[in-house]
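J.: Given the structure of chain E, go ahead and fit chains X, U and Z onto it with the hints provided.
Number of protein chains: 4
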Amino acid sequence: MTKTKPPSKKSEFLNLPVEPFVVQPGLSPEEILHRMERISFQGRNLATAHRVWQKMLADNVLIFLGTAGALSAGGLRLIIAQLITTRAVDCLVSTGANLYHDLHETRGRSHFIGSPTVDDHALQTQHIDRVYDTLVDEDEFVENDNWIATFVTTLEKRPYTTRELLYQLGGHLWKETGRDGILTAAFRAQVPIFCPAIADSSIGMGLSQARQRDPNLGHVDVIGDIIESSNLVIRHPRTASVVVGGGTPKNFINQASVQADFYRPGIGGHRYALQIITDVPHFGGASGSSLDEAKSWGKLSNDADRVTVQADATLVLPPLTSALATTARTQLESRQAPRFELGGRAMVVDGKPLIVNRFDTNRVEVF
Amino acid sequence: MTKTKPPSKKSEFLNLPVEPFVVQPGLSPEEILHRMERISFQGRNLATAHRVWQKMLADNVLIFLGTAGALSAGGLRLIIAQLITTRAVDCLVSTGANLYHDLHETRGRSHFIGSPTVDDHALQTQHIDRVYDTLVDEDEFVENDNWIATFVTTLEKRPYTTRELLYQLGGHLWKETGRDGILTAAFRAQVPIFCPAIADSSIGMGLSQARQRDPNLGHVDVIGDIIESSNLVIRHPRTASVVVGGGTPKNFINQASVQADFYRPGIGGHRYALQIITDVPHFGGASGSSLDEAKSWGKLSNDADRVTVQADATLVLPPLTSALATTARTQLESRQAPRFELGGRAMVVDGKPLIVNRFDTNRVEVF
Amino acid sequence: MTKTKPPSKKSEFLNLPVEPFVVQPGLSPEEILHRMERISFQGRNLATAHRVWQKMLADNVLIFLGTAGALSAGGLRLIIAQLITTRAVDCLVSTGANLYHDLHETRGRSHFIGSPTVDDHALQTQHIDRVYDTLVDEDEFVENDNWIATFVTTLEKRPYTTRELLYQLGGHLWKETGRDGILTAAFRAQVPIFCPAIADSSIGMGLSQARQRDPNLGHVDVIGDIIESSNLVIRHPRTASVVVGGGTPKNFINQASVQADFYRPGIGGHRYALQIITDVPHFGGASGSSLDEAKSWGKLSNDADRVTVQADATLVLPPLTSALATTARTQLESRQAPRFELGGRAMVVDGKPLIVNRFDTNRVEVF
Amino acid sequence: MTKTKPPSKKSEFLNLPVEPFVVQPGLSPEEILHRMERISFQGRNLATAHRVWQKMLADNVLIFLGTAGALSAGGLRLIIAQLITTRAVDCLVSTGANLYHDLHETRGRSHFIGSPTVDDHALQTQHIDRVYDTLVDEDEFVENDNWIATFVTTLEKRPYTTRELLYQLGGHLWKETGRDGILTAAFRAQVPIFCPAIADSSIGMGLSQARQRDPNLGHVDVIGDIIESSNLVIRHPRTASVVVGGGTPKNFINQASVQADFYRPGIGGHRYALQIITDVPHFGGASGSSLDEAKSWGKLSNDADRVTVQADATLVLPPLTSALATTARTQLESRQAPRFELGGRAMVVDGKPLIVNRFDTNRVEVF
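Note that the protein sequences, when read in sequence, are chains E, X, U and Z.
Residue numbers for the first sequence follow my numbering, so the first one is 10 and each next one is one higher.
Residue numbers for the second sequence follow my numbering, so the first one is 10 and each next one is one higher.
Residue numbers for the third sequence follow my numbering, so the first one is 10 and each next one is one higher.
Residue numbers for the fourth sequence follow my numbering, so the first one is 10 and each next one is one higher.
Calculated directly from the structure, the hints in this document are not laboratory data.
A portion of the hints provided could be inaccurate.
[Unchecked claim] Below 30 Å or equal to it, Euclidean Cα-Cα: the simulated DSS-like pairs (lysine-lysine) are: (1) Z/K18 / X/K166; (2) X/K18 / X/K166; (3) U/K64 / U/K361; (4) U/K166 / E/K166; (5) Z/K361 / Z/K166.
[As the list claims (entries may be wrong)] Listed below are several chain Z residues computed to face chain E (Cβ distance under 10 Å; list not exhaustive): (6) F50; (7) N54; (8) T57; (9) S124; (10) T163; (11) Q177; (12) H181; (13) V289; (14) F292; (15) G293.
Note that the Cβ used here is the ideal one computed from N, Cα and C, for glycine as well.
If we strip away everything but chain E, and leave its shape as in the complex, we get (with noise of 0.2 Å):
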């Protein structure tokens, strides 16, 4: 890990006491946020994500979000579509297993509350699925794979990257439902959704499902997307990466930041990192591991303001994002964020489209 010059005096070590926290009634979700900044580890961190994200927005980066983890099926779906839709996020990048949890709420089913001790073949044999301590109507599942392979008869017979077919997934399931979600809050209000490993997803096998009925339908263009977002870093190239539990969306998104400085030496990776993760760095996993492990890689920008909290998404995003519905609302109201179009084929960004199918080496920019 890379480290300052370590001071040489004691007093230069030890300058910034912990305070205690204290305890009062009435504290407020930011107030309490605010004195956990003074104690330590986790809690500690958690504090300091909540600084980093309101400087990300106090700044003039693109902010991507990577979700991974079964968060919508936790009861995070909202919190996201939220992020989504005040802006305080400007680019998803999901495992499609969230989306997917997503579109059954949004289609008006439920999840459910349920134990981690329940009989499984019980649940096997009454076709309920089970995650961890919550469960789902399979049969409902079933259906939905069955709304998808027909809503992809409804598009063109060629390949879609999964931003654009994610792009008019939203379109159709807000003109359908009009109810709120991850998937609808993009759509409205026009924010892009990448999902790298949607073949590994029951959104993935409802397009397979689709092309059970036409062999020209459900053809995803995975690498176009690659070329997408590596485009829109090059155009946008000061980021910010805010990662919920790892997976392919963390490494997605550092992915876009080294490709995009593979054809546009000098971006220099993102200049604000925050991870919410449970793996641990120690076992080699790309999930796990440190923020200063992604600056060797050039993933993040050598002063990059960063933090990683360890722990459960359930038990941080809550009062987080609560904190700081009250703490960004000014840099979320005077905050200039990318302003995307997304119903063509070509992303526009601030009404200049991205280039298509080949990676942008033309741009001659200054940041």
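T.: Just chains X, U and Z now, kept in the frame of chain E:
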């Protein structure tokens, strides 16, 4: 894990929908926790912990609190002090480190904000000790040890249970400093503190240094603590357990219940159990053991309300206790908490002393 | 978790004693594992994994292997290659990173021993990338990407499933290097490899760079992979799952089984499941999900032999596969593994091609 | 974390390639570990642990072993016994549970193979206790407690350090059973055992039951243990620490070194440190603390060979000690281990008794 007969119809499984958390500015911590009751995973568990703690307070139970991990160094000592002062708990079982770090700050010193990636050799050179991201002046620690040794010279030359010793220590500290902290709050509120592993802490080191001055000093009777804690349960057989961090306190609290049941059969384990831990069950260690497993041992009554929150306490205790400050106010005000007098060798509970040095096998009691 | 009717007598519970492990010089790894069958916790689970893998090999099942985490960079790629060559597994599902790091070494380059506490800024300056305690030359990675792009120009200008693409890549690599590795072993043994999240990897980056040369290059059909993997299960419905590290491969292997069952009801999930993971179930993510939970989804047959080993694969695979090299020799020699021909668009299994681009709904089969 | 000046050229970083592990039938455990020295992550750490332990044995150091977690119940007690008998370690610091479960089996009883998903209420009804996947007869435990209480009545009516008490207990057990185990091996090999948290264990419960028979029985002097363990380090200032599972033993071993240095400055911490743990550093607890952090406290000399293996001990100790049985044979045979006589109140080391009841501040020694 024990479970009831599974439902035979799908609708019996799927009856309580997950309700996605909706962010709003101005939510109080208790409103946030209330909404988290209907999400999943550890977020839901935290909301359940909030409810279980309220139920404990409304019921006639003796509430043990176990504290392990670097809670005091990490900025949580005044939360624990406040739980003691408001009698949200009735008896503390702690590692020595938490009490020692509390004493350090009550004596007017500090822990300091640091970084986990600092140069540890430089720290060693400067006489600075590190606890992950938190620093402390080693020379001040040396001086604390000496202060403790001097305090011990004021005691009688006989073995003390840790409970009696820590009461005297709290009193001495209060007289000298007049400052809030765990030890001083417990002294003032007459709440007993047990420290079964005192020999594995700097308080133990201070006691050993007292003996260096006089071989008749620094004797503790930790077996006496076993007897007294069991007699406490025999006197007040309806109990609850709040465990933060596992370790020796977790087991000691359970052991008090099991040992009490041995001499007064029918006690039947804690009525409520709430644990906030980071260890996991599948390596077999006691810190991470599940509350279902606890039932096999009779540590927990079979129908106990119980919940495990898998998280760092620094993330969880600030919002949880902030919410309780409001939501449990009525229960705390009307609560008939056990009343202790701790100045003598025998702990006095509700006006009657516990038997000293032997288990109370005489009581005939209905509960 | 499903369980059988509990025994009603103590002796029915307490019938198989733990046998303390006895150390002796000269024990073979298989003798060590044999003794570990009678200890507890993850040690016992590893011994069970050894037995379960042997049972798979003795039964007529198609064995999937899923690989996630930095296995290749971490020194395990020749273990995976050997599992493929000896047909201890029949079909690999992998993250892109594992295949890319394999390609890197097969091309004659190395990963290097490093330290997790090295200065990451210094690494960045030197163009060195870090994976926890392992280092790699970033300039060589850039050259790999270019090599992949050049390879892609030798392919037809049409979408390839990752399975077909990786077979061609393995062949190209074998012709150029003649060296052992995952990709070359799979090519030579005609073992299929799927990479559902290829867009989230440097192989995907190489594909995107090919498209920079020609917009008709670098197209992959990941939805085709869903169909082909399901048709493989429809053809060979008795399956087993060996999962190392969770991630997208874990879910993709289960999805193939579930999707196959949708078109050919009665398949009923894997007959055997073995997973070596570091994630835990209680945060709700798929990587850490339990094999009991898998039963609720129909991913696993209700009576499947199954075991989870909670450990880093670098600790577990070397002794486990070393033992299997001896203990499974007979099964491996007499095993009638599915025979693949992978050169064309349609995968040929045991002499008969799978249907391309649509699920196989025609087969009438008894199993 | 302390680090040396980083190399300035790429080739200085990238000089020792990872060598992929190659599976072969007939490899011995030591050959497996030797090959694992060149892989990554926890696999490499285990190989390093193997080397570090060999180096300890070849050097003139006093080796502490700390044991926490359910090692004895989990089938590792004879490994620990063998480490004691062969003097691969010189002094044991243990939780009470490990010694109690050892006593249980040495007395001819067993722990039993169970499942983590068994019905705990049924177990409770049958008087069966569960430790994750391991079961034990609670009625036999009750009888053990009584046996311990009866043993205690044979002791003098004065406080015993846990070290002296456990030596007597081991002797009593050996005379009665003639069976191998931790306590009996330590008795026979004259290896001291400290149990600083004895009050938090069933041995403590047995002691408390002895006091029920006679108030002058069951007194332990845990502060005396602090003094004796420090005097041991003062006598033999070159030390090594092998920690399995963290907990109170980990800290007590470090405390002995720190306290010794207080009275005899210049000792400078352990020369070697090896820990096998499942806890992580980022929650601030001592069990998971890093060995770099230990240096800031002076628990570890700055240039100590040290390694942390993040894994369950049941996975790691069987292969590691099996390999050492061969690879360390020469060192074990030629080793000049400290020679103890433990029958009296004063521990005799190499023919000279340690001072009792006060720290040894008189020695003038060069080391």
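J.: Against each hint, give a clear statement of whether it holds in the structure.
T.: Hint check results:
1. Z/K18 / X/K166: violated (65 Å)
2. X/K18 / X/K166: Violated, at roughly 69 Å.
3. U/K64 / U/K361: Status holds; Cα separation ~27 Å.
4. U/K166 / E/K166: This hinted pair holds, its Cα atoms lying about 18 Å apart.
5. Z/K361 / Z/K166: The given pair, whose Cα atoms are some 26 Å apart, holds under the 30 Å limit.
6. F50: Since chain E brings a Cβ to about 4 Å from Z/F50, closer than 10 Å, the hint holds.
7. N54: holds (8 Å)
8. T57: violated (13 Å)
9. S124: Violated: closest Cβ of chain E sits about 13 Å from Z/S124, beyond 10 Å.
10. T163: With a closest approach of 46 Å, the Z/T163 hint is violated.
11. Q177: Violated. Min distance 42 Å.
12. H181: violated (43 Å)
13. V289: Check passed: Cβ of Z/V289 comes within 6 Å of chain E, closer than 10 Å.
14. F292: holds (6 Å)
15. G293: holds (4 Å)
Hint check: violations occur at hints 1, 2, 8, 9, 10, 11 and 12; the rest are consistent with the structure.
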